[in-house]
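If you read the protein sequences in the order shown, they are chains Y and C.
For the first sequence, position 269 matches number 269 in our numbering, and the numbering has no gaps at all.
For the second sequence, position 218 matches number 218 in our numbering, and the numbering has no gaps at all.
FYI, nobody ran anything at the bench for these hints, they're computed from the structure.
From the three backbone atoms N, C-alpha and C, an ideal C-beta is built for every residue, glycine too.
Treat the hints loosely; a few may be bogus.
[As the list claims (entries may be wrong)] Keeping only pairs whose Cα atoms sit at most 30 angstroms apart, straight-line, the calculated DSSO-like set for lysine-lysine is:
hint, chain 1, residue 1, chain 2, residue 2
1, Y, 378, Y, 327
2, Y, 269, Y, 331
3, C, 181, Y, 226
4, Y, 226, C, 82
[Stated by the list, open to error] Computed list of chain Y residues with no C-beta within reach of chain C, every gap over 12 angstroms:
hint, residue
5, 145
6, 277
7, 305
[Unchecked claim] A short, non-exhaustive set of chain Y residues, derived as facing chain C with CB atoms under 10 angstroms:
hint, residue
8, 205
9, 211
10, 214
11, 215
12, 307
13, 396
14, 401
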Amino acid sequence: MRKEEAKALVVLMAFLLGVFSVAAVAGQAAPPQPVLNLGAVVVGLEAGVAGQASSPQLAPEEASEQSEEEQQADYKILHISPKHDWFELKPGGEKEFAVKVKNKDEETVSTSPRIEVQPFGEYFLEEDWITVEPGSAEIKAGEEQEYTVTVKIPEDAEIGDYSAQVVFTNDTMPTPYPAPFPMYVNSLMLSIHVWEPPKIVVQPQYIHDRVEAGQRQEYEIQLENKGDKAIAISPEIGGEERWYGPFENTIPEDWLTIDAPAKVEANSKATVRVTVNVPVDAKGRYEGSINLNIDDPSIERWNQEMHMHIEVWKQPTTPYREDFTVKQGEKFSVVVTARQHAYDRYGGGAEEKEEPSFDVALIQATLGGGKLTPEPSKTVKKGEVSLGMDYLPPWEASSEGMYQVMSTEYSETYEITNATGGVWTLEILPRNAESFEYTIEIGE
Amino acid sequence: MISAKKIVAVIAAVVAVAAVATYFGLTALENELKPAHDLDSDFDLFMDVEFSGTELNEETRTQIVSEVSAEVIPYKGVKYDKMNISTMRNGEDHDLRVTCFSDACEYPDVYDFTYYGASKQLVQNRYLLEAIPPNERAKAISEALQNEEVANLMRTNSLESVMPTVRRVLPETAEKFYLPKTLLSVTWTWFGENPVVVSVLVDPDEGKAVEVWSNLEVENKGGEMEKNE
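For reference, chain Y alone in the conformation it holds in the complex (with noise of 0.2 angstroms):
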């Protein structure tokens, strides 16, 4: 053998030897475990970053040669009732429930039931929170087995919102898409709201009225402590999580102010008072929230706020004017019209409204400037009554027929006869109404 034969000879082994050297590593760094239908980047994700062989494992050339849809019956299906279960429960309470499983499958199944907490959620649960008899079970083809769910919740748990899976057989849900964790098929998904009636009660949650620009108004809020302990209170301007701010418009926060005490103290109660003066140029509807910061674990963080509408008004200077052309010796009337809800009892201190009531002039050209102020020919107060029969709850069905007020409609007509022809002007000034609605009718 030459020598340039030799080193071809001594490259080519070295080729083929580092071929095979690289093939056998890669074998064993990553040895294919198929799961079902899922393809290799899948499998070799799932081991490495789940850590957990999911089953059945079938062997490269099994899952190689079946159908797909064989892969994806490949696996036990057991029909559980309930499926999802949420309920409340207290720190120290206890719920117990049955569920049933039934293998609809043509193969005894085993079961094992244990408990898998889920990795996401604002509280984790511990797992010796819940149990589950029996322990195991074989659930042969056709038949069902009944177990006992039992949820205890510790003492001293967080109040917040639980959730975990009971797991009933090991077979995963086949995802397109790599999984962080197992989605187990066989499993009851139980959500626990972990609560406890909060020891401090805050009435009202809402302030809603009607304030006239320039003016101050004062409203209180009570807060009620139920709880053997002092509660600390600070509250303050801001806080939209509950009332999904932030708001068009926004109450500044120059135009309040809130005097309150440092805590509630333990069974008793303590007032917020808050204070708004809206300024002379203000107009239009604000809201705005008070988060009162009430260092009570058992409140919900958005039971906190208390929201507040305000609608500011100003009375007019200027009235409301409209045109309207009348034939020479016509007959014509204006009909005003102003409406009151009963359901305007605005909360933090409602007060008796005083009637709409309006200043109607009516100005023609021929009457050289001069304004017409005729007197009403008719004032009409009509109300909608309520015999309360609809929606009465049964305890007080004793009131059925009482008469409730539900609305009050105020209205003044003003009538002109053989009327001057031209374009006349009406003018409206209203008082006291948050609206007011006009007919002008011309003619008999």
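Keeping the supplied structure of chain Y fixed, place chain C upon it in accordance with the hints.
Relative to the frame of chain Y, chain C by itself:
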């Protein structure tokens, strides 16, 4: 021996008591329309009674005041300061709307009666009792809100902005739902295209909700309501 001073003091005391009693007795006689008094009730001795509507003769008015006074009983700790009786003649009988006001309460108690002239009997038809002291009202509302089912209904139906009514439920009605005792009904009503009503029967002595009703439950008959402790 009893001294003369002691005898004089006793006589003076008796005279003073008699004078006061005579004064009040005469005052009461002058006001024949003052209600008859039940010692067990919280009626103020000098409650103001006003009549409106159909003119009645003195005898009938006195009879009606006497009968009505025995029927209307205020909430515990409350005294009625004023009573308006609106009458409407209905043949021999009279339909009465009795509105009782207390200075300590924002809302009145309203009763509807029929006074049967022939038998001189008073029959209660309906009532709407809202003369409840503000602190008792607030307490009942807060107790109602302590109930988890109520809290959920309030939250899911956005009823927080609704001012609830608080009404007294008399023992004969309360017995059908809980116990024969005075209870309070706290009701949130949202009038709209799809009205929502949530009502809670509160036992003010126990400080807890004893029954919850919602028109949504009635409309969804068959739906399970779960309660857990």
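Results of checking the hints against the structure:
1. At roughly 24 angstroms between alpha-carbon atoms, residue 378(Y) and residue 327(Y) fall within 30 angstroms of each other, so this suggested pair holds.
2. Distance restraint check for residue 269(Y) and residue 331(Y): the Cα-Cα separation of roughly 65 angstroms exceeds the 30 angstroms cut-off, and the hinted pair is therefore not satisfied.
3. With a C-alpha separation of about 24 angstroms, the suggested pairing of residue 181(C) with residue 226(Y) holds against the 30 angstroms cut-off.
4. Between residue 226(Y) and residue 82(C) the CA atoms are separated by roughly 35 angstroms; this puts the pair beyond 30 angstroms, and the hint is violated.
5. Its beta-carbon lying about 24 angstroms from the closest one in chain C, residue 145(Y) satisfies the requirement of being farther than 12 angstroms from that chain.
6. No beta-carbon of chain C is positioned within 12 angstroms of the beta-carbon of residue 277(Y); the least distance is around 23 angstroms.
7. The Cβ of residue 305(Y) sits about 10 angstroms from the closest Cβ of chain C, inside the 12 angstroms cut-off, so the non-interface label is violated.
8. This hint holds: residue 205(Y) has a C-beta 5 angstroms from the nearest C-beta of chain C, less than the 10 angstroms allowed.
9. Hint on residue 211(Y) is violated. Least Cβ distance to chain C is approximately 17 angstroms, over the 10 angstroms limit.
10. At about 26 angstroms, the closest approach between the beta carbon of residue 214(Y) and any beta carbon in chain C exceeds 10 angstroms, and the interface hint on this residue is violated.
11. Because the beta carbon of residue 215(Y) sits about 22 angstroms from the nearest beta carbon in chain C, more than 10 angstroms, this interface hint is broken.
12. At a threshold of 10 angstroms, the smallest CB-CB gap from residue 307(Y) to chain C is about 7 angstroms, leaving the interface hint in force.
13. Look at residue 396(Y): its Cβ gets to within about 5 angstroms of chain C, closer than 10 angstroms, so that hint holds up.
14. Satisfaction of the interface hint for residue 401(Y) is found here, the shortest Cβ-Cβ separation to chain C being roughly 5 angstroms, below the 10 angstroms cut-off.
The structure does not agree with the numbered hints 2, 4, 7, 9, 10 and 11 stated previously, though it agrees with the rest.
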